[in-house]
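Enquirer: Residues per chain, in single letters:
2 protein chains.
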Amino acid sequence: MAAKCKRPARKCFKSNFRIYRGDEIALGPGKVELLRHIFETGSISEASRRMGMSYNRAWLLVRTMNRCFKEPLVSASRGGDRHGGAQLTGFGKQVLTLYQRLESKFLAATRQPVSQILARLRN
Amino acid sequence: MAAKCKRPARKCFKSNFRIYRGDEIALGPGKVELLRHIFETGSISEASRRMGMSYNRAWLLVRTMNRCFKEPLVSASRGGDRHGGAQLTGFGKQVLTLYQRLESKFLAATRQPVSQILARLRN
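Going down the list, the protein sequences come from chains G and C.
Under my numbering, read the first sequence as residues 1 to 123, first letter to last.
Under my numbering, read the second sequence as residues 1 to 123, first letter to last.
Each hint should be verified, as a subset may be incorrect.
With a straight-line cut-off of 27 Å between C-alpha atoms, the simulated DSS-like cross-links for lysine-lysine are [stated by the list, open to error]:
| no. | chain 1 | residue 1 | chain 2 | residue 2 |
| --- | --- | --- | --- | --- |
| 1 | G | Lys105 | C | Lys14 |
| 2 | G | Lys70 | C | Lys70 |
| 3 | C | Lys70 | C | Lys14 |
| 4 | G | Lys14 | G | Lys93 |
| 5 | C | Lys105 | G | Lys105 |
| 6 | C | Lys11 | G | Lys105 |
| 7 | C | Lys11 | G | Lys11 |
| 8 | G | Lys11 | C | Lys93 |
| 9 | G | Lys14 | C | Lys70 |
| 10 | G | Lys70 | C | Lys11 |
| 11 | G | Lys70 | G | Lys14 |
| 12 | C | Lys105 | C | Lys14 |
| 13 | G | Lys93 | C | Lys70 |
| 14 | G | Lys93 | C | Lys14 |
| 15 | C | Lys93 | C | Lys70 |
| 16 | G | Lys70 | C | Lys14 |
| 17 | C | Lys93 | G | Lys93 |
| 18 | G | Lys14 | C | Lys105 |
| 19 | C | Lys14 | G | Lys14 |
| 20 | C | Lys11 | G | Lys93 |
| 21 | G | Lys70 | C | Lys93 |
Part of the chain C face toward chain G, derived, beta carbon under 10 Å [stated by the list, open to error]:
| no. | residue |
| --- | --- |
| 22 | Arg36 |
| 23 | Arg50 |
| 24 | Met51 |
| 25 | Pro113 |
| 26 | Gln116 |
No lab work stands behind these hints: they were computed from the structure.
Where a beta carbon is used, it is the ideal one built from N, C-alpha and C, also for glycine.
Could you build all of it, start to finish, from the sequences and the hints given here?
Expert: Set out below in structure tokens:
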């Protein structure tokens with residue numbers, strides 16, 4: 001999710017992007033956040049905790065991403081005492097980098113018209 | 001709504017933007033489409049018909065936009081035989097133009113990373 005603004009901002013701009021493969025969301029704000037946390041923590045379990053999401057839900061999102069892309073984005077083994085470890089694959093890192101480029105290009109390109117629209121809102 | 005793709009595309013990218021004022025959506029995909037139709041037709045009634053939306057709903061969206069911005073975007077009189085006429089104000093045309101600029105800048109800036117991500121999806 002790019003340019004998300006938090007309450008209690010009176011005026012804000014929100015955007016979101018989703019990549020679909022058929023009916024499935026291959027990549028969206030939640031899945032990208034999950035990838036970032038997996039990259040940082042090396043663990044689906046810890047990533048899900050940070051997001052306030054159940055381990056099962058996080059695992060489901062990972063499975064969907066891995067199924068939608070030509071190669072898996074996350075390499076992980078389910079279960080075990082510590083629910084196994086998890087890493088982004090090289091391919092997963094590529095996709096995450098592309099998404100981050102998408103976000104930063106988006107922010108740079110839209111900053112001016114967005115601020116001009118926000119300036120026209122009542123306070 | 002920028003870059004919205006239609007079924008039955010197997011792979012697609014969808015995005016949307018919303019401008020909030022407090023809890024209200026001052027501008028989003030539906031409201032912008034409504035503004036475009038009002039601009040083209042000079043009528044909220046005809047604009048709502050084109051969108052498959054009730055007249056009351058369209059009127060509600062117009063009221064919300066007019067309330068959120070410093071000046072009204074649409075000048076209209078409700079009711080009467082032909083539900084009155086409606087026009088974008090000069091201020092409304094400015095805001096619509098800014099939104100269109102936002103969309104086109106967005107599309108130009110994101111085309112490359114989007115196509116690179118889509119190319120990594122399974123067929």
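Enquirer: Which of the numbered hints are not met once you compare them with the structure shown?
Expert: Failing hints, ascending: 2, 3, 7, 11, 13, 17, 21, 22, 23, 24.
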